[in-house]
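A.B. asks: Residues per chain, in single letters:
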Amino acid sequence: MSLRSGRKHTLSILVENKPGVLTRIAGLFARRGFNIDTLTVGPTDDERISRITLTLDGALHPIDQVVKQLHKLINVLKIRDLEPTDTVARELAMFKVAVDGAQRAEVMQICEIFRGKVVDVTKRSLVLEVTGTTDKIEAFERMVRPFGLVEMMRTGEIAISRGRGET
Amino acid sequence: MRAVDAVMECLKAEGVEVVFGYPGGANLPTYDAFVDAGIRHVLVRHEQGGGHAASGYARATGKVGVCLATSGPGATNLVTAITDAMMDSTPVVFITGQVRTELLGTDGFQEADTLGITMPIVKHSFMIQHPLEIPRAIHEAFHIARTGRPGPVVIDIPQDLSRAEIDYEPVTDVHLPGYQPTTEGNQKQIRQAAKALASARRPVIYAGGGVINANAAEELCALARADRFPVTCTLMGLGAFPAPDPQWLGMLGMHGTRAANYAIDEADLICCIGARFDDRVTGKLSEFAPRAKFIHIDIDPAEISKNVPAHIPIVGDAKNILTKLVAEYRALEPDRSRLEEWWQRIETWRERHPLAYEDSADTEIKPQFLIQALYEATGGDAIVCSDVGQHQMWAAQYYHFDKPRRWINSGGLGTMGYGLPAAMGAAVGCPDQTVVCITGDGSVQMNVQELATCAEDGIPIKVFIMNNGYLGMVRQWQELFWDRRYSHVDMGRFPDFLKLAEAYGATGMRFTDKTTLVDDIRAALATDGPVMVDVRVTAEENVYPMIAPGAPARDMVG
Numbered sequence: 000m001s002l003r004s005g006r007k008h009t010l011s012i013l014v015e016n017k018p019g020v021l022t023r024i025a026g027l028f029a030r031r032g033f034n035i036d037t038l039t040v041g042p043t044d045d046e047r048i049s050r051i052t053l054t055l056d057g058a059l060h061p062i063d064q065v066v067k068q069l070h071k072l073i074n075v076l077k078i079r080d081l082e083p084t085d086t087v088a089r090e091l092a093m094f095k096v097a098v099d100g101a102q103r104a105e106v107m108q109i110c111e112i113f114r115g116k117v118v119d120v121t122k123r124s125l126v127l128e129v130t131g132t133t134d135k136i137e138a139f140e141r142m143v144r145p146f147g148l149v150e151m152m153r154t155g156e157i158a159i160s161r162g163r164g165e166t
Numbered sequence: 000m001r002a003v004d005a006v007m008e009c010l011k012a013e014g015v016e017v018v019f020g021y022p023g024g025a026n027l028p029t030y031d032a033f034v035d036a037g038i039r040h041v042l043v044r045h046e047q048g049g050g051h052a053a054s055g056y057a058r059a060t061g062k063v064g065v066c067l068a069t070s071g072p073g074a075t076n077l078v079t080a081i082t083d084a085m086m087d088s089t090p091v092v093f094i095t096g097q098v099r100t101e102l103l104g105t106d107g108f109q110e111a112d113t114l115g116i117t118m119p120i121v122k123h124s125f126m127i128q129h130p131l132e133i134p135r136a137i138h139e140a141f142h143i144a145r146t147g148r149p150g151p152v153v154i155d156i157p158q159d160l161s162r163a164e165i166d167y168e169p170v171t172d173v174h175l176p177g178y179q180p181t182t183e184g185n186q187k188q189i190r191q192a193a194k195a196l197a198s199a200r201r202p203v204i205y206a207g208g209g210v211i212n213a214n215a216a217e218e219l220c221a222l223a224r225a226d227r228f229p230v231t232c233t234l235m236g237l238g239a240f241p242a243p244d245p246q247w248l249g250m251l252g253m254h255g256t257r258a259a260n261y262a263i264d265e266a267d268l269i270c271c272i273g274a275r276f277d278d279r280v281t282g283k284l285s286e287f288a289p290r291a292k293f294i295h296i297d298i299d300p301a302e303i304s305k306n307v308p309a310h311i312p313i314v315g316d317a318k319n320i321l322t323k324l325v326a327e328y329r330a331l332e333p334d335r336s337r338l339e340e341w342w343q344r345i346e347t348w349r350e351r352h353p354l355a356y357e358d359s360a361d362t363e364i365k366p367q368f369l370i371q372a373l374y375e376a377t378g379g380d381a382i383v384c385s386d387v388g389q390h391q392m393w394a395a396q397y398y399h400f401d402k403p404r405r406w407i408n409s410g411g412l413g414t415m416g417y418g419l420p421a422a423m424g425a426a427v428g429c430p431d432q433t434v435v436c437i438t439g440d441g442s443v444q445m446n447v448q449e450l451a452t453c454a455e456d457g458i459p460i461k462v463f464i465m466n467n468g469y470l471g472m473v474r475q476w477q478e479l480f481w482d483r484r485y486s487h488v489d490m491g492r493f494p495d496f497l498k499l500a501e502a503y504g505a506t507g508m509r510f511t512d513k514t515t516l517v518d519d520i521r522a523a524l525a526t527d528g529p530v531m532v533d534v535r536v537t538a539e540e541n542v543y544p545m546i547a548p549g550a551p552a553r554d555m556v557g
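Those protein sequences? They're chains L and D, same order as listed.
Numbering-wise (numbering that gives the first Met the number 0), the first sequence opens with residue 0 and increments by one.
Numbering-wise (numbering that gives the first Met the number 0), the second sequence opens with residue 0 and increments by one.
Worth double-checking, as some hints may not be accurate.
[Claimed, not checked] In silico PhoX-like pairs for lysine-lysine, Cα to Cα no more than 25 angstroms straight-line:
no., chain 1, residue 1, chain 2, residue 2
1, L, K67, L, K135
2, L, K67, D, K305
3, D, K187, D, K11
4, L, K67, L, K95
5, D, K292, L, K67
6, L, K67, D, K187
7, D, K323, D, K365
8, D, K11, D, K194
9, L, K7, L, K17
10, D, K292, D, K305
11, L, K135, L, K77
12, L, K71, L, K95
13, L, K77, L, K95
14, D, K305, L, K77
15, L, K71, D, K318
16, D, K365, L, K7
17, D, K318, D, K62
18, D, K305, D, K283
19, D, K194, D, K365
20, D, K402, D, K323
21, D, K305, D, K187
22, D, K194, D, K62
23, D, K305, L, K71
24, D, K305, D, K318
25, L, K67, D, K318
26, L, K71, D, K62
27, D, K323, D, K283
Hints were generated in silico from the structure; no laboratory data involved.
Can you build the whole structure from these sequences, using the hints too?
C.D. replies: Laid out in structure tokens, this is it:
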């Protein structure tokens with residue numbers, strides 16, 4: 000496992016699917032002053048096991064200490080610090096943009112370029128769904144913000160390793 | 000059988016001889032099971048006392064301590080004891096009652112989120128959700144508590160689940176996929192460490208409580224004697240290396256000896272075993288051992304390079320690793336004369352700066368003299384439990400521990416009120432040994448109620464209160480760092496400890512004369528049952544030498 004500092008880190012953590020596991024992890028971060036950027040949790044193909052994908056700023060935290068502390072939790076089965084080049088990472092975001100007739104087409108066009116979807120439309124608003132890397136979502140945000148961004152929601156990253164190897 | 004009867008079966012299977020606890024509504028089923036279980040139960044007077052007693056028992060015997068409490072206030076009263084066990088890596092299993100499952104989350108009577116409250120202070124915890132989980136949870140708890148880096152484990156059992164009927168089948172295997180402590184130690188790193196030791200010209204061995212937890216005191220001595228390595232121990236490690244040994248430098252850290260701290264400061268190689276570079280040891284971290292490379296041996300990988308970057312990290316069990324390290328070192332046949340110069344330097348410090356204090360000319364008892372008198376009266380052959388404060392540091396300095404598991408105190412958390420119940424637990428675990436509690440007039444009042452437990456159960460601890468009428472350590476800090484503005488540290492030599500001892504059914508004594516002190520202490524030790532002695536000592540005396548908090552180790556004062 001490579002544990003370099005100084006960049007954004009994506010940790011993929013396999014945990015036992017038991018009550019309170021997320022609290023243990025979140026609590027560990029809180030009391031040791033490690034700041035989580037994003038965190039997603041979901042089931043895996045094995046119902047006894049869940050996966051947590053967690054991103055944090057390696058410039059702010061000693062990543063190997065974070066990983067070692069996580070390893071001490073009994074319900075944590077495996078931790079990987081994912082290499083960006085060997086990883087496919089995505090997040091989902093939804094944007095509510097206040098646009099009326101005149102600008103709607105323009106926003107929808109931008110959405111198409113980003114391969115987003117229009118999931119709701121009213122006379123004065125659009126809700127757009129975009130998936131992609133964090134960079135792409137931030138780029139999309141920059142594009143639509145000037146039209147009148149009402150709300151934005153992001154899921155945080157999920158990531159999987161490329162090729163046949165397990166994440 | 001009822002799940003609680005299975006609890007008793009599991010405890011017996013784990014070799015539990017005694018449980019410290021306190022009953023209440025939510026753990027009534029468990030207490031009902033005690034009636035027929037044939038396990039000794041010590042009824043403490045406060046759950047915190049029960050937790051510390053279980054800790055004292057664990058530290059004195061090397062076994063897992065067990066403490067029971069009810070839900071809500073019973074469980075919250077354990078919080079300090081659990082944190083204490085966590086900070087000092089003490090194996091204790093805490094079993095708490097919880098309200099019935101139908102009441103969970105409704106703010107029911109005596110409901111508290113025990114799992115949530117204790118989550119940051121446990122090695123692991125279990126919330127029972129089905130009665131069938133109970134036997135496995137108990138065995139897993141013991142396994143987790145005693146293996147790897149030991150620590151506290153909490154099991155929270157809702158009342159209705161504990162009284163449910165289950166088909167009990169003994170659990171013979173424990174398999175925790177996420178928990179596999181490394182015990183062996185990497186042979187390549189061990190060889191590297193041996194080479195580093197063989198070429199070091201100013202090496203120091205810095206040993207901590209982990210050596211005692213790993214029962215590795217003999218192996219530590221073997222390493223020290225494989226060459227003439229100077230050895231220092233942390234507060235938690237005292238007794239891991241015999242204090243009378245010529246290679247012993249004394250304790251290091253805030254109130255350590257000058258020889259130990261100067262040696263660390265000038266060392267070119269520090270071999271740290273089972274210690275964690277706590278701030279009370281390192282002082283100003285950036286100036287700690289500035290010339291040294293570090294070998295760090297620890298069972299907990301997260302301790303490696305946490306505070307100080309380890310040049311040679313070795314993760315594993317200290318006993319195991321030290322045995323291999325000694326063998327590797329011997330095979331190298333290093334030049335022993337290379338340490339001559341280093342020892343000359345150390346001897347100079349030792350001669351120039353021995354531990355010393357100015358004794359009184361009259362009958363007044365200096366606190367340091369009290370510890371020396373205790374050492375003399377016990378022949379150095381007692382389990383010494385201490386509370387937290389000046390008396391703790393004087394005991395660490397002047398009672399020369401020569402065996403492990405003879406010194407039991409609250410190192411990491413610094414818990415006032417630890418000493419008396421811990422002594423009680425130690426005495427229960429080691430009935431054939433003299434168990435002494437050294438405490439202060441402040442500390443003892445934080446859990447003095449356990450004297451009642453001792454009196455009732457015939458637990459013959461001898462409590463010596465170093466009574467100076469002050470919260471002495473706080474007073475010392477106000478004197479040194481707060482311009483002598485004494486704020487709320489004057490305890491006025493109250494209460495009347497003699498009467499208090501008698502009120503609890505113990506024997507009370509008061510010593511005020513230095514000239515008869517050793518004989519007086521012998522008399523107290525020879526008295527049956529628990530004894531509490533009010534020893535009047537010099538009121539304003541400071542613990543020296545001292546490194547001011549956050550200062551570098553070489554800047555010792557006093």
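A.B. asks: Hint by hint, say whether it matches the structure.
C.D. replies: Against the structure, the hints:
1. Between K67 of chain L and K135 of chain L, the direct Cα distance comes to roughly 32 angstroms. Violation of the 25 angstroms bound is thereby established for this hinted pair.
2. Straight-line distance between C-alpha atoms of K67 of chain L and K305 of chain D comes to about 10 angstroms, which keeps the hinted pair within the 25 angstroms bound.
3. At most 25 angstroms may separate the alpha-carbon atoms for a hinted pair to count; K187 of chain D and K11 of chain D exceed this at roughly 41 angstroms.
4. As the CA atoms of K67 of chain L and K95 of chain L are separated by approximately 40 angstroms, the hinted pair breaks the 25 angstroms bound.
5. With a C-alpha separation of about 22 angstroms, the suggested pairing of K292 of chain D with K67 of chain L holds against the 25 angstroms cut-off.
6. Between K67 of chain L and K187 of chain D the alpha-carbon distance is near 21 angstroms, which keeps this suggested pair within the 25 angstroms criterion.
7. With a C-alpha separation of about 46 angstroms, the suggested pair K323 of chain D and K365 of chain D falls outside the 25 angstroms cut-off, and the hint is violated.
8. In summary, the hint linking K11 of chain D to K194 of chain D is not supported, as the alpha carbons are separated by about 47 angstroms, beyond the 25 angstroms threshold.
9. Our distance criterion of 25 angstroms between C-alpha atoms is broken by K7 of chain L and K17 of chain L, whose separation comes to about 28 angstroms.
10. Restraint check for K292 of chain D and K305 of chain D: satisfied, since their Cα atoms lie roughly 15 angstroms apart, inside the 25 angstroms limit.
11. Between the alpha carbons of K135 of chain L and K77 of chain L the distance comes to roughly 29 angstroms, so the proposed pair goes past 25 angstroms and is violated.
12. A C-alpha spacing of about 42 angstroms is found between K71 of chain L and K95 of chain L, which places the hinted pair above 25 angstroms, so the restraint is violated.
13. With a C-alpha separation of about 37 angstroms, the suggested pair K77 of chain L and K95 of chain L falls outside the 25 angstroms cut-off, and the hint is violated.
14. At roughly 21 angstroms between alpha-carbon atoms, K305 of chain D and K77 of chain L fall within 25 angstroms of each other, so this suggested pair holds.
15. Between K71 of chain L and K318 of chain D the alpha-carbon distance is near 21 angstroms, which keeps this suggested pair within the 25 angstroms criterion.
16. Taking the CA atoms of K365 of chain D and K7 of chain L, the gap is about 59 angstroms. The hint is violated against a cut of 25 angstroms.
17. Between K318 of chain D and K62 of chain D the alpha-carbon distance is near 17 angstroms, which keeps this suggested pair within the 25 angstroms criterion.
18. Restraint check: the Cα-Cα separation between K305 of chain D and K283 of chain D comes to about 15 angstroms, which is no more than 25 angstroms; the hinted pair holds.
19. Of the supplied pair hints, the one linking K194 of chain D and K365 of chain D is violated, its CA atoms being roughly 47 angstroms apart against a limit of 25 angstroms.
20. Pair hint K402 of chain D plus K323 of chain D holds up; C-alpha atoms about 22 angstroms apart against a cutoff of 25 angstroms.
21. The straight-line distance between the Cα atoms of K305 of chain D and K187 of chain D is roughly 22 angstroms, inside the 25 angstroms bound, and the hint therefore holds.
22. About 36 angstroms separates the Cα atoms of K194 of chain D and K62 of chain D, which puts this hinted pair outside 25 angstroms; it is violated.
23. Using a Cα cut-off of 25 angstroms, the hinted pair K305 of chain D and K71 of chain L holds, with the two alpha carbons roughly 14 angstroms apart.
24. As the CA atoms of K305 of chain D and K318 of chain D are separated by approximately 22 angstroms, the hinted pair is consistent with the 25 angstroms bound.
25. With a C-alpha separation of about 23 angstroms, the suggested pairing of K67 of chain L with K318 of chain D holds against the 25 angstroms cut-off.
26. In summary, the hint linking K71 of chain L to K62 of chain D is supported, as the alpha carbons are separated by about 22 angstroms, within the 25 angstroms threshold.
27. The hinted pair formed by K323 of chain D and K283 of chain D fails the criterion: a straight-line CA distance of about 33 angstroms is larger than 25 angstroms.
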